[in-house]
Amino acid sequence: MTCFLLIAGRDLKLALRRGTDAVMVVTFFLLCVVLFAFGVGPDPSILGTISAGVIWVTALLASMLSLERLFQTDFEDGTLDLLVLGAAPVEATVMAKALAHWLTTGLPLTISAPILAVLLNMNAEGFATLMAAMALGTPSLTLIGAIGAALTVGARRGGVLLSLLVLPLYIPVLIFGVAAVNAAITGDAAGPFLMILGALLLVALAMTPLAGGAALRLAVE
Amino acid sequence: MSSFAGEKLECVRGERAVFSALDFTVEDGGALQLIGPNGSGKSSLLRLMASLIKPTAGRISWNGGNVADEPEAHRARLHYIGHLDGIQPLLTVAENLRFWAGLRPEGLNSNPGDATTEALDGFGLKALANIPCRFLSAGQCRRLALARLLAAPAALWLLDEPTTALDDDGVCAFHDAVRRHRAKGGVVVLASHGTETIEDARTLDLRAHGGIAVNRLV
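Going down the list, the sequences are from chains A and B.
So for the first sequence, our numbering puts the first residue at 1131; every next one is plus one.
So for the second sequence, our numbering puts the first residue at 11; every next one is plus one.
Just so you know, these hints were derived from the structure itself, not from any lab.
Since the model is a prediction, treat every value here as computed from it, not as a measurement.
Fair warning: there could be bad hints in the mix.
Claimed, not checked - In silico SDA-like links for lysine to any residue, alpha-carbon gap of 20 Å or less:
id, chain 1, residue 1, chain 2, residue 2
1, A, Lys-1143, B, Pro-99
2, B, Lys-64, A, Lys-1143
3, B, Lys-64, B, Asp-38
4, B, Lys-18, A, Gly-1343
5, B, Lys-64, A, Gly-1343
6, B, Lys-194, B, Gln-43
As the list claims (entries may be wrong) - Incomplete in silico selection of chain A near chain B, CB under 8 Å:
id, residue
7, Ala-1138
8, Arg-1140
9, Leu-1142
10, Leu-1144
11, Asp-1207
12, Thr-1209
13, Asp-1211
14, Leu-1213
15, Ala-1218
16, Glu-1221
17, Arg-1287
18, Val-1290
19, Leu-1291
20, Ala-1341
21, Ala-1345
22, Leu-1348
All residues carry an ideal CB built from backbone N, CA and C; glycine is no exception.
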């Protein structure tokens, strides 16, 4: 546990020192959403209809931005060898780094989502559900992405490979995330969709340490 | 009694055998120097000893017990220093060292503050403790990587060309550290090109074990 906090704390400290990680993700999120508004045109009703989908797709892409570096920098400078040889099991290392990644990407995305929902003329009924769905969905994105990042460590042009690997696995989160928000807007029950998002998160929480740990052990061989 | 030993080790990298039928033994307080030309498998053997890669054949034992049976205990007793220093340029010298020490099992209980200060002092880095590592020279980075050896105790040191980029002063500090470690019964295995030697170390020439190395140029 001490090692878990040590690794997560180090990654957070690094993200703070770089200073750009969270800002870059949120800026990307904002720019993409604004681009959609320009592309689709200023009709408020169309924007309102597509708002949930646009926000989710953009959030998904934004959370992928920094995934490639999740293990890559540590692999390149030799830290990964030391992490594997350290007292913490590799599984804990994966989860610690995923936690730091979520705190610097998923959390800022969740917090900024309602602001973008206003820009896209989303019905105010959907705001609370949007935040709840993002809070449940973005950790899954990080965890699934961490498996992909661990698998592509050391690969040349790993970023492209990572997108091909991870984006299809994001589809369930996208579907139920958008469905929850749309249900809330139309007055239907959003609860079941949020529960499915929660279930997806639990599956990701169980799978990521095992798959990511195995992938990292292979990476240092 | 032998402390650290390998029997009939074979290592295959990229579908070709780097070495095979390799035996070694190092007693308590002993040192083993791996020599051989580039590509003869010195680094592979060290990574194998560190349990970072698994041998395709043979076994490695510590006090007679197979290390493959107790991987955690083996990881806890060794320090591995490879070609890469594992230094994060955005963290300060002391922060890097404290992070490494914290990853060690015994680093959790002991007082890492004192141990890291002493370790930095041992390699002449005390004045640089609060400098971000991106300002360090190659030699200073190497000193910092070696300071890991002193920051947390471990019985087995596995060092891959540890004196690369070090100045005379740094080499002296390194030999001092090795001498003290061996006096306490520690084991050292290091790879080098044979230009510098550790006192009364056994040598293991990897050329004798079928490595495919570089061709002789002259």
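Quick rundown of the hints versus the structure:
no.	hint	result
1	A:Lys-1143 to B:Pro-99	holds (12 Å)
2	B:Lys-64 to A:Lys-1143	violated (34 Å)
3	B:Lys-64 to B:Asp-38	violated (24 Å)
4	B:Lys-18 to A:Gly-1343	violated (30 Å)
5	B:Lys-64 to A:Gly-1343	holds (16 Å)
6	B:Lys-194 to B:Gln-43	holds (19 Å)
7	Ala-1138	violated (12 Å)
8	Arg-1140	holds (5 Å)
9	Leu-1142	violated (12 Å)
10	Leu-1144	holds (6 Å)
11	Asp-1207	holds (6 Å)
12	Thr-1209	holds (4 Å)
13	Asp-1211	holds (6 Å)
14	Leu-1213	holds (7 Å)
15	Ala-1218	holds (7 Å)
16	Glu-1221	violated (13 Å)
17	Arg-1287	violated (20 Å)
18	Val-1290	violated (24 Å)
19	Leu-1291	violated (20 Å)
20	Ala-1341	violated (19 Å)
21	Ala-1345	violated (15 Å)
22	Leu-1348	violated (10 Å)
When each numbered hint is compared with the structure, violations occur for hints 2, 3, 4, 7, 9, 16, 17, 18, 19, 20, 21 and 22.
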